[in-house]
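Visitor: Below are the chains, spelled out letter by letter.
Number of protein chains: 4
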Amino acid sequence: MIIVIKKDSPEKQVNNLISWIESQGLRVHISEGEYNSVLGLIGDTNKLDADLISGLDIVEAIKKVSDPFKKANRKFHPEDMVIDVGGVKIGGGNFAIMAGPCSVESDKQIIEIAKSVKKSGATLLRGGAFKPRTSPYDFQGLKAEGIDLLLKAKKETGMPIVTEIMNANHLPMFEEVDMIQVGARNMQNFELLKELGKIDKPILLKRGLANTMKELLMSAEYIMAGGNEKIILCERGIRTFETYTRNTLDLSAIPTLKEYTHLPIVIDPSHATGVSKLVKPMSLAATAAGADGLIIEVHNDPQHALCDGAQSLTPEQFDDVACSVQKIRKALKD
Amino acid sequence: MIIVIKKDSPEKQVNNLISWIESQGLRVHISEGEYNSVLGLIGDTNKLDADLISGLDIVEAIKKVSDPFKKANRKFHPEDMVIDVGGVKIGGGNFAIMAGPCSVESDKQIIEIAKSVKKSGATLLRGGAFKPRTSPYDFQGLKAEGIDLLLKAKKETGMPIVTEIMNANHLPMFEEVDMIQVGARNMQNFELLKELGKIDKPILLKRGLANTMKELLMSAEYIMAGGNEKIILCERGIRTFETYTRNTLDLSAIPTLKEYTHLPIVIDPSHATGVSKLVKPMSLAATAAGADGLIIEVHNDPQHALCDGAQSLTPEQFDDVACSVQKIRKALKD
Amino acid sequence: MIIVIKKDSPEKQVNNLISWIESQGLRVHISEGEYNSVLGLIGDTNKLDADLISGLDIVEAIKKVSDPFKKANRKFHPEDMVIDVGGVKIGGGNFAIMAGPCSVESDKQIIEIAKSVKKSGATLLRGGAFKPRTSPYDFQGLKAEGIDLLLKAKKETGMPIVTEIMNANHLPMFEEVDMIQVGARNMQNFELLKELGKIDKPILLKRGLANTMKELLMSAEYIMAGGNEKIILCERGIRTFETYTRNTLDLSAIPTLKEYTHLPIVIDPSHATGVSKLVKPMSLAATAAGADGLIIEVHNDPQHALCDGAQSLTPEQFDDVACSVQKIRKALKD
Amino acid sequence: MIIVIKKDSPEKQVNNLISWIESQGLRVHISEGEYNSVLGLIGDTNKLDADLISGLDIVEAIKKVSDPFKKANRKFHPEDMVIDVGGVKIGGGNFAIMAGPCSVESDKQIIEIAKSVKKSGATLLRGGAFKPRTSPYDFQGLKAEGIDLLLKAKKETGMPIVTEIMNANHLPMFEEVDMIQVGARNMQNFELLKELGKIDKPILLKRGLANTMKELLMSAEYIMAGGNEKIILCERGIRTFETYTRNTLDLSAIPTLKEYTHLPIVIDPSHATGVSKLVKPMSLAATAAGADGLIIEVHNDPQHALCDGAQSLTPEQFDDVACSVQKIRKALKD
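Protein chains in written order, with my numbering: chain Z, 2 to 335; chain V, 2 to 335; chain S, 2 to 335; chain R, 2 to 335.
Be a bit skeptical, because a hint or two may be false.
In silico DSBU-like cross-links for lysine-lysine, where the CA-CA straight-line distance does not exceed 30 Å [said to hold, decoys possible]:
(1) S/K278 x R/K65
(2) R/K278 x S/K278
(3) V/K48 x S/K65
(4) S/K202 x S/K71
(5) S/K331 x S/K119
(6) V/K72 x Z/K144
(7) V/K48 x V/K76
(8) V/K90 x R/K278
(9) V/K278 x V/K328
(10) Z/K334 x S/K120
(11) S/K71 x V/K8
(12) V/K202 x V/K153
(13) R/K7 x Z/K71
(14) V/K76 x Z/K195
(15) S/K195 x R/K132
(16) S/K132 x R/K48
(17) S/K90 x S/K328
(18) S/K64 x V/K8
(19) S/K132 x S/K120
(20) Z/K331 x S/K334
A few chain Z residues that face chain R, going by a derived Cβ cut-off under 10 Å, partial list only [said to hold, decoys possible]:
(21) S32
(22) V39
(23) I63
(24) K65
(25) V66
(26) R240
Rather than coming from a laboratory, the hints here were simulated on the basis of the structure.
Every residue, glycine too, gets a C-beta built ideally from N, C-alpha and C.
Please model the entire structure based on the sequences and the hints provided.
Guide: So, in structure tokens, the structure goes:
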């Protein structure tokens with residue numbers, strides 16, 4: 002950490018600050034500039050609260066030099082992490098497509114979709130059992146029954162399953178789930194993250210709507226600090242002023258996060274855009290940008306299309322997307 | 002709800018949509034425009050999922066006419082709600098200042114601050130026992146012990162207390178707490194909101210960093226739908242591109258929310274700005290804009306000021322703020 | 002336009018509003034809902050100022066049904082527009098790569114870069130003569146001399162040139178320039194747009210840092226309304242809260258804008274990300290998402306690399322990007 | 002400026018960077034940390050391009066210590082600047098209310114409004130002659146004729162006038178205007194700013210919708226660098242994700258800017274909120290937060306209220322606002 006001291010600060014206060022920093026086990030280098038003096042802190046500065054120091058009267062500005070995350074930091078783990086989700090590998094060159102309906106509705110529905118997306122090349126089945134809804138009056142999902150239906154579809158097709166958790170108390174129901182998803186709204190539900198750190202199961206951690214990549218990495222760190230290092234990051238659109246799309250999909254997050262972390266990164270084009278027409282171009286773009294996978298919503302019931310999301314693809318549309326995605330992957334390998 | 006149908010949409014699909022809407026118990030008015038036809042839906046459209054309809058091929062756009070929140074809606078409760086927090090009234094002309102330290106640290110600390118802020122005119126004591134921290138390596142609060150210390154200070158001074166909850170499982174520890182705070186990061190932790198809807202205790206609900214006022218009202222609705230209607234809303238800064246301040250305090254939220262809801266609104270200038278120097282001007286501005294109260298961080302230990310937040314006031318500074326706030330309130334009443 | 006009238010509005014005021022609308026040459030359809038009545042306006046509502054109407058006491062909300070842009074609207078021009086820039090076609094399946102240095106510095110520099118990028122497959126030469134700089138103390142470009150140097154490079158290589166204008170008074174200097182660029186900061190410099198509407202030359206219109214796609218289309222409309230319909234839109238990143246990248250490149254703008262307009266859309270990955278490492282993945286992603294072209298910064302002087310932008314590629318890096326872009330284009334065509 | 006060098010960077014490259022910096026006339030202090038080494042640059046670093054340096058392979062991060070603006074910097078001008086606008090002082094404790102219609106329409110209109118707002122306490126008359134409009138099909142103002150009408154009203158009432166410029170070529174028409182306004186969309190129209198730097202007349206510089214305070218100060222610096230130091234800054238709302246208000250008025254800009262600059266700061270609550278109901282609470286809040294003035298839209302023709310902005314006040318409403326503003330100012334002085 003570097004601390005810039007204001008010009009003409011009382012020497013006594015500066016010395017007090019230096020003594021206090023040294024009392025925390027750090028060393029301090031002092032450089033005198035034309036307008037300011039600068040303190041360079043040497044040692045593990047992560048235990049210092051940057052906000053506190055930057056609030057001192059004598060402090061002009063501070064700059065954190067080292068990243069606040071360690072277990073999620075590529076500096077200390079230069080190799081890509083490869084995560085095994087029920088036999089399917091993700092990361093380090095392994096690309097996975099997860100597909101399935103927004104909500105699990107019945108065994109017929111989920112098994113049909115599972116078979117269909119598997120045929121098109123999906124290797125993981127996704128489906129919502131517990132649904133986070135902005136309105137208390139909206140459908141909240143089939144809950145435990147939804148998980149049972151997913152497990153049936155897994156048995157039938159052999160596809161590992163991924164579904165969202167909203168409450169750490171529900172963990173016992175997720176015992177046979179292959180990967181647990183943390184939704185964007187819970188990305189900083191630290192109590193939930195801590196509980197997920199205690200289990201031994203891959204976690205799909207979605208970036209919050211208005212969270213920076215650094216905060217996403219800090220949330221991964223929360224889980225990893227507890228012992229569970231199997232984290233797959235997911236970008237699903239951030240909140241901006243634009244109104245033609247529901248959110249703004251931040252694809253530059255793929256190469257940027259890959260510089261900072263060794264964890265795999267997948268993209269959710271369905272929720273990011275909220276419009277099925279945008280799912281294909283954004284899936285191709287994400288693949289071209291180097292994503293480790295995609296998570297896509299697919300419905301299978303044209304007669305009741307109204308009950309499926311505006312962002313869901315039909316099985317035919319999904320087949321077309323999956324096929325084009327493979328073309329891109331092949332082209333970039335050649 | 003109004004649904005704008007695309008030009009030249011197949012009549013059969015339009016009729017299917019109309020039949021489906023009618024099957025949901027709603028009536029449909031059709032107006033033909035030059036470029037589009039428009040469906041006006043009559044009845045309770047809150048059960049329809051707007052995203053689903055707007056995703057249909059034949060739909061150009063939709064417009065929700067009625068608000069999705071009811072219990073939090075001023076239309077149905079024209080009078081300001083007045084909430085009693087351990088004997089202190091907030092709302093409907095009753096203005097309250099809540100003050101106290103970022104974290105509760107010791108009985109000496111919390112009792113001294115409580116006495117000091119009470120003398121300056123604060124009527125509620127705030128203090129953090131459970132602390133949400135971005136980093137898993139930061140101090141997480143004294144937890145249950147912190148609540149005990151707050152209760153001691155309450156006993157000593159008679160001030161009702163407000164403190165933050167992070168996990169519904171902790172509710173038994175909050176039995177004697179007068180008002181429970183839901184932090185910005187948990188504003189859409191729906192599982193927590195549902196549990197708070199089942200108790201009979203005022204809730205201080207903070208707006209999320211990147212949540213709209215409408216989403217704040219929907220989160221209030223979650224708690225109210227469960228039966229607990231004692232909600233005080235709190236604006237504490239939103240995330241923008243500006244970097245000179247930590248967040249951008251949205252004071253226009255005060256008169257805007259007051260138009261939509263009858264719930265009281267308080268402002269947290271300490272967290273919004275992150276800088277103690279800005280607390281006074283923003284407290285005065287919030288008061289002038291019609292807030293029902295303020296929640297301000299105060300520390301009391303100049304020798305260890307480093308351990309207090311950059312955004313905390315000294316007791317002397319707080320006394321000055323509280324005094325100026327009263328001048329503004331008096332001026333506007335005269 | 003649809004106007005939602007507040008419940009219990011005085012009939013006289015509603016009738017006044019209806020009469021006024023009819024006096025503007027529009028017809029009004031009235032539907033009565035449970036809570037509100039709704040006015041459907043028929044005719045050309047673009048002349049009404051939406052903000053004015055939505056501010057009336059009796060108006061709950063309004064919804065514009067038709068788009069405010071016409072000449073830029075795909076509804077009225079279903080076919081993709083193909084724009085000829087000095088013999089190079091862009092749009093409607095024609096993909097163009099524009100490349101060159103941030104600033105034109107010398108004839109040696111610009112001619113060398115031009116030859117090099119041409120060899121790698123670039124078909125247009127870009128280069129800054131007039132430079133918009135946030136600080137008045139930064140280098141402001143070679144100005145007229147820079148344009149002369151670009152023209153020399155054009156003569157030498159046969160590549161059409163594109164460069165930025167900052168002041169309508171400079172137009173005479175741009176006579177032989179093949180395409181004029183309007184920078185992000187000038188996207189709503191309406192006086193400049195009006196002047197560009199009077200000439201007959203392709204315009205590369207960059208999206209402002211905080212402008213919606215709708216505003217971008219309205220700015221295109223400004224130029225087109227004057228008679229010049231040769232507009233190429235350019236997405237170059239929008240301002241968000243994220244700090245790891247300079248801006249957030251909004252690639253969903255490609256398919257979204259293509260739905261609304263028939264104008265070609267190109268992507269500037271260099272300015273969007275501000276980091277050379279991100280240029281390749283974002284170029285590939287833009288291509289996969291269906292962009293009509295790319296505009297990329299290239300420098301050619303490794304000895305003086307400090308004087309080139311952090312976001313510029315070396316000729317070798319550019320060659321690699323151009324080659325991979327072609328692979329993606331080929332894969333998607335097969 | 003402080004440059005953090007990446008761990009294990011080749012010594013030769015680090016030495017090259019140091020030599021280059023020294024060749025620019027700066028001195029370099031080197032501190033070695035546990036993970037990184039840090040270069041402290043001493044001298045005037047404003048001539049270095051931060052983006053360029055931060056893009057070097059061996060550079061982990063940079064931190065600018067000194068502000069890039071000088072003439073607008075309070076460090077070098079500790080005293081508040083007081084600006085005289087046609088005899089009315091603004092800044093340094095002098096508070097001014099500017100009021101008038103969105104557009105100047107006729108001499109009757111502008112003279113009536115001028116008399117009315119003067120009676121309520123306004124000391125400057127504002128009115129739009131040249132109007133920046135998002136759509137080329139909207140009314141663009143009376144232009145030169147509008148300025149003539151403002152001058153008539155000035156003659157009639159003695160109030161100095163302020164009106165917006167959109168094109169430096171129009172400057173001759175502004176000869177008798179007392180203060181020239183630069184609108185939000187032109188805040189970074191550097192060509193216009195440069196021309197305004199050459200004249201000797203107060204400039205009201207509005208913050209762009211998506212511009213940081215630092216960028217606002219840099220734009221002030223552009224004008225001041227040319228010789229004209231009479232700048233009044235104006236905050237008028239920034240673009241955020243919130244949709245209940247048109248923009249988010251950033252009142253924390255008042256105390257924050259006052260720390261960085263000695264220039265006066267006024268607030269435009271009319272354009273920030275876009276809703277007349279919010280003008281009063283936001284005017285009071287701005288006053289309480291320490292603004293040096295307000296700029297408020299007022300219309301005077303209830304019969305044709307539709308032609309006035311949703312954000313305009315009636316003269317009666319304005320009188321009420323002005324009166325309450327004075328109460329706040331008095332309360333804070335007592």
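Visitor: All the hints need checking, so say for each whether the structure fits it.
Guide: Hint-by-hint comparison with the structure:
1. S/K278 x R/K65: The given pair, whose Cα atoms are some 23 Å apart, holds under the 30 Å limit.
2. R/K278 x S/K278: The given pair, whose Cα atoms are some 49 Å apart, is violated under the 30 Å limit.
3. V/K48 x S/K65: 24 Å, holds
4. S/K202 x S/K71: 20 Å, holds
5. S/K331 x S/K119: Roughly 20 Å separates the two Cα atoms, so the pair holds.
6. V/K72 x Z/K144: Within the cut-off at roughly 26 Å; holds.
7. V/K48 x V/K76: Holds, because 19 Å separates the two Cα atoms, which is no more than 30 Å.
8. V/K90 x R/K278: 27 Å, holds
9. V/K278 x V/K328: Since the Cα atoms of V/K278 and V/K328 sit roughly 19 Å apart, the hinted pair holds (cutoff 30 Å).
10. Z/K334 x S/K120: Holds, at about 23 Å.
11. S/K71 x V/K8: 16 Å, holds
12. V/K202 x V/K153: 20 Å, holds
13. R/K7 x Z/K71: 17 Å, holds
14. V/K76 x Z/K195: Violated. V/K76 to Z/K195 sits at ~42 Å, over the 30 Å cutoff.
15. S/K195 x R/K132: 14 Å, holds
16. S/K132 x R/K48: Holds, at roughly 16 Å.
17. S/K90 x S/K328: 20 Å, holds
18. S/K64 x V/K8: Distance of about 17 Å is within 30 Å: holds.
19. S/K132 x S/K120: OK: S/K132 and S/K120 at ~27 Å, within 30 Å.
20. Z/K331 x S/K334: Holds - the C-alpha atoms of S/K334 and Z/K331 are around 14 Å apart, at most 30 Å.
21. S32: 4 Å, holds
22. V39: 5 Å, holds
23. I63: Since the shortest Cβ distance to chain R is 9 Å, the answer is holds.
24. K65: The hint holds - Z/K65 has a Cβ within 10 Å of chain R, the shortest such distance being about 9 Å.
25. V66: 5 Å, holds
26. R240: 5 Å, holds
Going through the hint list in order, the structure does not satisfy hints 2, 14.
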